[in-house]
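Asks: Following the hints, position chain B against chain A.
Residue numbers (the numbering used here), protein chains in the order written: chain A, 1 to 423; chain B, 1 to 228.
If you are wondering where the hints come from, they were derived from the structure by calculation, not from laboratory data. Incorrect hints may appear among the rest.
Stated by the list, open to error - Here are the computed lysine to any residue pairs in the SDA-like style, where the Cα-Cα straight-line distance is at most 20 Å:
id, chain 1, residue 1, chain 2, residue 2
1, B, 118, A, 413
2, A, 413, B, 76
3, A, 49, A, 293
4, A, 413, B, 72
5, A, 323, B, 101
Unchecked claim - Beta-carbon label-pair distances, calculated as ranges:
id, chain 1, residue 1, chain 2, residue 2, range
6, B, 129, A, 394, 43 to 51 Å
7, B, 113, A, 394, 27 to 35 Å
8, B, 173, A, 394, 42 to 50 Å
9, A, 418, B, 25, 20 to 28 Å
10, B, 98, A, 289, 47 to 55 Å
11, B, 129, A, 315, 35 to 43 Å
It should be emphasised that the depicted structure is a prediction, and the values quoted were computed from it without experimental measurement. Backbone N, C-alpha and C fix where the C-beta goes; we use that ideal spot for every residue, glycine too.
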Amino acid sequence: MLKDFLMLAARSITHRKMRSWLTVIGVFIGITAVVALISIGLGLDQTIKQQVAGIFGVDTFVLVPKGSFGPQNHAGANTEEYALDLQYLKSIPGVKVAAAVRQRTGFVQGPTKGDGPSTQGFLPVMGLSPELMNEFESFTGKIEVQPGGRLFTEADEDVAILGADTSERLGAKVGDTILVAGDDKKELNLTVVGIMQPDDEGKSSDTNRGFSAGMNPGQGKDTIYVPYDTMNLLWGAGNDVLVTLVRTQPGDDVDEVADRAEKALRARGSEVSSITYSDISDAIGTMTSTVSAFLAGIAGIALLVGGVGVMNTMFTSVLERTKEIGVMKAVGARNSHILTIFLIESGLMGLVGGMVGTLLGLGLSLVASKFIGRFFGVHMAIVASPALILITLAGSFSLGAFAGLWPAWRASKLPVVDALRYE
Amino acid sequence: MPLLNLNGVTKDYQLGKTVVRALRGLDLHIDKGEIVAIMGPSGSGKSTLMHILGCVDTPTAGEASIEGTQIASLNERQLVALRGRKIGFVFQTFNLMQTLSAQQNVELPMIFQGIKKKERARRAKELLAKVGLADRVDHRPNELSGGERQRVAVARALANDPEILLADEPTGNLDSESGGTILELLKKLREEDGKTVIIVTHDPDATAIADRTIRLRDGRVVEEVLDA
Numbered sequence: 001m002l003k004d005f006l007m008l009a010a011r012s013i014t015h016r017k018m019r020s021w022l023t024v025i026g027v028f029i030g031i032t033a034v035v036a037l038i039s040i041g042l043g044l045d046q047t048i049k050q051q052v053a054g055i056f057g058v059d060t061f062v063l064v065p066k067g068s069f070g071p072q073n074h075a076g077a078n079t080e081e082y083a084l085d086l087q088y089l090k091s092i093p094g095v096k097v098a099a100a101v102r103q104r105t106g107f108v109q110g111p112t113k114g115d116g117p118s119t120q121g122f123l124p125v126m127g128l129s130p131e132l133m134n135e136f137e138s139f140t141g142k143i144e145v146q147p148g149g150r151l152f153t154e155a156d157e158d159v160a161i162l163g164a165d166t167s168e169r170l171g172a173k174v175g176d177t178i179l180v181a182g183d184d185k186k187e188l189n190l191t192v193v194g195i196m197q198p199d200d201e202g203k204s205s206d207t208n209r210g211f212s213a214g215m216n217p218g219q220g221k222d223t224i225y226v227p228y229d230t231m232n233l234l235w236g237a238g239n240d241v242l243v244t245l246v247r248t249q250p251g252d253d254v255d256e257v258a259d260r261a262e263k264a265l266r267a268r269g270s271e272v273s274s275i276t277y278s279d280i281s282d283a284i285g286t287m288t289s290t291v292s293a294f295l296a297g298i299a300g301i302a303l304l305v306g307g308v309g310v311m312n313t314m315f316t317s318v319l320e321r322t323k324e325i326g327v328m329k330a331v332g333a334r335n336s337h338i339l340t341i342f343l344i345e346s347g348l349m350g351l352v353g354g355m356v357g358t359l360l361g362l363g364l365s366l367v368a369s370k371f372i373g374r375f376f377g378v379h380m381a382i383v384a385s386p387a388l389i390l391i392t393l394a395g396s397f398s399l400g401a402f403a404g405l406w407p408a409w410r411a412s413k414l415p416v417v418d419a420l421r422y423e
Numbered sequence: 001m002p003l004l005n006l007n008g009v010t011k012d013y014q015l016g017k018t019v020v021r022a023l024r025g026l027d028l029h030i031d032k033g034e035i036v037a038i039m040g041p042s043g044s045g046k047s048t049l050m051h052i053l054g055c056v057d058t059p060t061a062g063e064a065s066i067e068g069t070q071i072a073s074l075n076e077r078q079l080v081a082l083r084g085r086k087i088g089f090v091f092q093t094f095n096l097m098q099t100l101s102a103q104q105n106v107e108l109p110m111i112f113q114g115i116k117k118k119e120r121a122r123r124a125k126e127l128l129a130k131v132g133l134a135d136r137v138d139h140r141p142n143e144l145s146g147g148e149r150q151r152v153a154v155a156r157a158l159a160n161d162p163e164i165l166l167a168d169e170p171t172g173n174l175d176s177e178s179g180g181t182i183l184e185l186l187k188k189l190r191e192e193d194g195k196t197v198i199i200v201t202h203d204p205d206a207t208a209i210a211d212r213t214i215r216l217r218d219g220r221v222v223e224e225v226l227d228a
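Isolated chain B (complex conformation):
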């Protein structure tokens, strides 16, 4: 059974009086431990797909499931719980809390899971060391470089040890060197920890680490390339 399974997924948005169809009967299956790159021009439905895969949105029609659980059948509370346990998000603009240190940012998802302070601190430090920021635990985001911020964001995404990492343009705001470091880090996470990594990107370099590249256009999969 695929880890993530989308069958004929349609997503409509109401924009004023017009209905915008962002996804039009999309099929997609992602197995555990895969790295999948999702590419496509603006308005192709990348972000919508990302939100459905990340359980922050539900399809208008069709089926979307994680490990066999239909996400449309879950209520808000169950969706939150599923997100908290199974999915880690990495955003293009990092979206770190400016008021918190690197360590506290990494601890944030664990706070919402009710994990004790001592355990949180231990794990946050461990994760920051894993992304190469052991010496930056007490720094605030504005004291870190773009690449370092994104690495903190990756550490935060790993906080609750999720199976799936969803990265939305993770290299979009970074120079090529920092971007390369982040992609390497994502690859390492798959190789060392068996994480499933889904990268929504414009960055051709991202396809280099992906097992598969999926191209979207007008809400449909138009091409699927297996990378060597």
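Chain A with its partners taken away, still in its complex shape:
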């Protein structure tokens, strides 16, 4: 019987083509918006998470100044530093490699050149663990020095690598000696072992993968880089660590180790927070779902308007077909039959709107993905799960049926005599 009612409803819809299509348009605009926004939202979420996962892997976490990550304080990131006992961190169970970055501003004097005076001034001095230069490429990007130079090794102490600009300003080449002064008149003569490759445009997207500018030596053209331990010789153990990268032992749970390290370091006075992939992933999830919910809310208004359109059409239809309803009742239709026929009719309009809207919405998110790919250089996945499509189609049928509920109920309750008399 339901199949016959479906036929009756479909006939009625196709009989009033123009009005039905206008109603369907009202529905599919809303559905298009919802599908596109959900699909783009999920795609962005997935893409960003993949990118972050690519950087973090499954075994790495970061220690940042306490409070600089998380919902309370986004703006404060990298504006504070913390004290760190790197040797102690390395001794915490589960930690395989740990590399930190600390930064100071120091007095620097270039090499003496024959008769002329040497260049001198205050420059940023950055201490890098040697491991940072080769163990955490996903964070730092590839660190390269110009031909003839080299990166730090674990045995290095009185050495420095210069940013390209610094090298020029100080007039220092590989093999020259520069003077760096720390606190309390501590001075060290450091041998230049390398000059950073100047950061050209073509490489920027790669080097920008660094978690912050502080970890990204390629960008600090006016900086002097020294081994992490050399910083201790110049300034002692200071409250100047920007960031620490930690890789865990294979098989250890990164979140557990991060938690353990954070607690242990805090107990020793380091104001640090650990960030693992799951922390970032959660934060991204919260952010994207908040944005998605907001956008879906707006799209929901469009859907509501579509629903009111269906209701309007159905009321008109009931009025127009009053006599038809009377005849159907006269030939044996029960109230429930009339109700079902009209509900199917409004549901079908919702469903057709849902199908068109789903296709258009997926098309729109495809266009958005291409657009993002072209202008931001990121491949954005389109998330169009069968579940999303099924839920959308079921939802649009329900929307139509729900909007048609009142008109259909009115139709079913029409007294036969009045309906038959209706002209």
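Replies: Same frame as chain A, but now just chain B:
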């Protein structure tokens, strides 16, 4: 026992603040297999009587029964079931579904009775053949002449094999030739299938096929003529 029995039936309608009395203590008995013509001027209560006989309305006072069942005692659902089984309607303006073919229109009452598709199709074709429209089963109402539409409506009225055919001005919208064909068809249905036919009409030709003609005025039977 008469098939249809009306005793002292009164029907009031509320029109705004005034009460209109459409039937005033009307008595009527119709036996199985009769053809009865009901005539009368506008406002005489013909349509109201028709609705009560067709179980689409119930009397305000008095008794109306079909085969002894008081229709006032039935709830909406029982009335629908009784209508579906016992009564077939033919309307002046045909009232066919424009979106459906002739066959589908005839199938409609059977759909509501839950009859299977195959059986419905078989019976609909049989009925359309009976009314002389075997070659018109797939035509939509707008592809048929007035007389043909009314014949489809008669076939639809017969769909659930009812005992009573209620025809409200069946020839009112037809030329005399088509009207004559419809009246002949109704007569044939009584003769061949024993149907009880009640025709509400202005058409004097209808009285020619009727066993009895009942004239109404102001909600009462004012004349009852037995036709030969």
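Asks: Compare the structure with each hint and give your call.
Replies: Evaluated hints:
{"no.": "1", "hint": "B/118 x A/413", "in the structure": "violated, 31 Å"}
{"no.": "2", "hint": "A/413 x B/76", "in the structure": "holds, 11 Å"}
{"no.": "3", "hint": "A/49 x A/293", "in the structure": "holds, 19 Å"}
{"no.": "4", "hint": "A/413 x B/72", "in the structure": "holds, 19 Å"}
{"no.": "5", "hint": "A/323 x B/101", "in the structure": "holds, 18 Å"}
{"no.": "6", "hint": "B/129 x A/394: 43 to 51 Å", "in the structure": "holds, 44 Å"}
{"no.": "7", "hint": "B/113 x A/394: 27 to 35 Å", "in the structure": "holds, 31 Å"}
{"no.": "8", "hint": "B/173 x A/394: 42 to 50 Å", "in the structure": "holds, 46 Å"}
{"no.": "9", "hint": "A/418 x B/25: 20 to 28 Å", "in the structure": "holds, 24 Å"}
{"no.": "10", "hint": "B/98 x A/289: 47 to 55 Å", "in the structure": "holds, 50 Å"}
{"no.": "11", "hint": "B/129 x A/315: 35 to 43 Å", "in the structure": "holds, 41 Å"}
The structure is inconsistent with hint 1 alone, although it conforms to all the rest.
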